[in-house]
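Student: Below are the chains, spelled out letter by letter.
Protein chains: 2
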Amino acid sequence: MALIVQKYGGTSVGSPERIKNVAKRVARWKAKGHDVVVVVSAMSGETNRLIALAKEIQAQPDPREMDVMVSTGEQVTIALLSMALLEIGVSARSYTGGQVRILTDNAYTKARILSIDEHNMRADLKAGRVVVVAGFQGVDDAGNITTLGRGGSDTTGVALAAALKADECQIYTDVDGVYTTDPRIVPEARRLKTVTFEEMLEMASLGSKVLQIRSVEFAGKYKVRLRVLSSFEEEGEGTLITFEEDKDMEKAVISGIAFNRDEAKITVLGVPDRPGIAYQILGPIGDANIDVDMIVQNVGHDGLTDFSFTVHRNDYQKALNVLKPVLEHTKARGIQSGDKIAKVSVVGVGMRSHAGIASTMFRTLAEEGINIEMISTSEIKVSVVIDEKYTELAVRVLHKAFGLDQAA
Amino acid sequence: MALIVQKYGGTSVGSPERIKNVAKRVARWKAKGHDVVVVVSAMSGETNRLIALAKEIQAQPDPREMDVMVSTGEQVTIALLSMALLEIGVSARSYTGGQVRILTDNAYTKARILSIDEHNMRADLKAGRVVVVAGFQGVDDAGNITTLGRGGSDTTGVALAAALKADECQIYTDVDGVYTTDPRIVPEARRLKTVTFEEMLEMASLGSKVLQIRSVEFAGKYKVRLRVLSSFEEEGEGTLITFEEDKDMEKAVISGIAFNRDEAKITVLGVPDRPGIAYQILGPIGDANIDVDMIVQNVGHDGLTDFSFTVHRNDYQKALNVLKPVLEHTKARGIQSGDKIAKVSVVGVGMRSHAGIASTMFRTLAEEGINIEMISTSEIKVSVVIDEKYTELAVRVLHKAFGLDQAA
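As given, the protein sequences belong to chains A and B, one line each in that order.
Going by numbering that gives the first Met the number 0, the first sequence opens with residue 0, and the numbers climb by one from there.
Going by numbering that gives the first Met the number 0, the second sequence opens with residue 0, and the numbers climb by one from there.
None of these hints come from the bench; they were simulated from the model.
One or more hints might be untrue.
Treat identical chains as interchangeable: a pair holds within one or across any two.
To be verified - For lysine-lysine, the following DSBU-like pairs were computed, each having C-alpha atoms within a straight-line distance of at most 30 Å:
(1) Lys192 - Lys220
(2) Lys29 - Lys54
(3) Lys23 - Lys323
(4) Lys339 - Lys222
(5) Lys54 - Lys19
(6) Lys54 - Lys31
(7) Lys23 - Lys54
(8) Lys164 - Lys23
(9) Lys323 - Lys192
Generate coordinates for the entire structure from the input sequences, incorporating the hints supplied.
Tutor: What follows is the structure, encoded as structure tokens:
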């Protein structure tokens, strides 16, 4: 008998029929003798409906009141799922974030969990009940309702699993696991049975949007056994996210090919190659609340260097405007930029101990005539920026070059 | 400077535009220097939407989970109204029932208020904020969400006014006060400037559905000054509900004509006129959870009497079925019944000290050829049961006979 925390997203609970299906799945786990805690999101579309309603009143809704408002979405789902469980004879009880007591800081709309009171949930589990908890929400120490920000239900699931020392946290979603790359681009893409925490972090941040990054970080910090499964399949093992390289297993060198078409690149040309220049350029960008992803600076010549970075496309024009006075100030030669780029990454913890990954990647792209505009590497990934139009081609040839289309 | 509690119903907050209008009205009271606590219902239609959703899952939704669900309706409104107030520069903060702490018993879907913690509201009022409270809801002492039953927002308003010792509780609705009768039937019907608590009780229970009965009882118990106003008129004094006969004022004998077409009458004919017979008939009715309104029994002849009562039309068939074995048992001669009846009542505290009210009523009806089927009287009302088809005629002629169409 194990203690399982299951999290179902908005699509999985998007209609009364789907909620009934979730109840049946929970009942099957319960029938096997497991204790089950279920975390649910708002029904798909509901959060957007509430936000739209708020914006009819205030263009920039007050954050405290916004949280009072949108937290009702999950509150409706916990009631409906508890009813669905009771209807099929499974004892169950719903909890809002405040009722559990999921204590957070008071940063409305993006609060962080400080602690979780497991007392009431333990009592219900002991009494044989399924505990149904509203994801995405909590309360601050003054009793104000807070939310964790969009997608925060994953974080609630992992945090509850950590607090209850659950045997496994299962994230049910509309995909049945983590793939070697996007199956819409490469039909041969395979589901990974396991992926390490670090690989998952890279896959998520690079655009394989299966899990919220924060929930994965949280799982890593508290060593929560995390599994991604499909809520639309009866059976299936999904993908298990592990936190250590499994030394007994013949681990593939490369786990997957990630890609991202949300970014724009900016290069400041011919800036003086002296200490402090990176700060002079990126300081104003940070002050304007623009997140920077890749940063590349090569060795300079004749006291000058080029400084490149990428930002989200939504921030592209804003970043260019912020840089205008900076150009003046740093006496840079000019700016070269573009938002028709893609970032493609080869990810795998195995590459730590294998040479030649980068060269295989560069050769494969060169053979297809794809020019590499920027390169950035970490312990477990190599990322390149290329022209956006080559995205699918690059992903396909890399997927094949690293043997990802062959059974593990 | 006064402390005012204002309550706005579902129609008054039925759209973002209407919520903005409520905010403007609250702002005007605030601008006059008053402290304002606002109680709101769910937006019109929302509670029904939520109930329908629950019924797709469970034909008889679990009461605890039902309360978790429907309480979200008011939670959305408090957030929206607070946003609307902030948007026009009025400092405001929302409270759910649990956040105030409106403590109730744990009778889900029809809970009763036990106590109200005024601490946080006082602090906000002192800080110059408008306090916006979700009507209809509370928490039990274990932190479970409860609701007061439909229309319970009026009760929340009155209870808050009692707890805060407010100078006045204003119930904003879609009518601008209490009328001498329904203006749709008698165009000459006048708005009453004042009505006593007891008259209001009779008017409400007799079908002039302006206020929830429970809230009026509550106001009476705690001597809350209660006023009914229209939320769709800029100005207007509405109707003040008073709790003592005002001796300085020339009080009209009759305040209004109430009527009700929701009842059915049942007469058990020729039952033995002996002690316990009323219980033998009404005991099984009560056991079947059927509410009885009027009960009439006249003196008997030859050891037999007729026993009549009225029930809600929805319970008519059920009541007849319950009575079948009773007929057998009591050796009654038979049953005479019908659901095409109306109850028409003349209401007024003034009739306590005036003779002849009943005779004026009976004469007026007789002149129009309207037969009276049952009569029941109390200190401040005379009610008759007549054929439903004469309802409008009876109300019109009685309104005129008692001079209600003339300016007070």
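Student: Hint by hint, note whether the structure agrees.
Tutor: Evaluated hints:
1. For the identical chains of this complex, lysine 192 and lysine 220 are intra-copy neighbours only, at 22 Å inside a copy versus 68 Å across copies, given an alpha-carbon limit of 30 Å.
2. When the C-alpha separation of lysine 29 and lysine 54 is checked against a cutoff of 30 Å, the pair qualifies only between copies, where the shortest distance is 24 Å, while the shortest distance within a copy is 42 Å.
3. Taking the shortest Cα distances, lysine 23 and lysine 323 never come within 30 Å of each other, neither inside one copy (59 Å) nor across copies (44 Å).
4. In this assembly of identical chains, the alpha carbons of lysine 339 and lysine 222 never lie at most 30 Å apart, being 39 Å within a copy and 72 Å across copies at closest.
5. Within a single copy, lysine 54 and lysine 19 get their C-alpha atoms only as close as 32 Å, which misses the 30 Å cut-off; across copies the closest is 12 Å, which meets it.
6. In this assembly of identical chains, lysine 54 and lysine 31 lie within 30 Å of each other by CA distance solely across copies; the values are 29 Å between and 46 Å within a copy.
7. When the C-alpha separation of lysine 23 and lysine 54 is checked against a cutoff of 30 Å, the pair qualifies only between copies, where the shortest distance is 18 Å, while the shortest distance within a copy is 37 Å.
8. Only within a single protomer do lysine 164 and lysine 23 lie at most 30 Å apart by alpha-carbon distance; the minimum there is 25 Å, versus 51 Å between protomers.
9. In this assembly of identical chains, lysine 323 and lysine 192 lie within 30 Å of each other by CA distance neither inside one copy nor across copies; the values are 49 Å within and 69 Å between.
Of the numbered hints stated above, those contradicted by the structure are hints 3, 4, 9, listed in ascending order.
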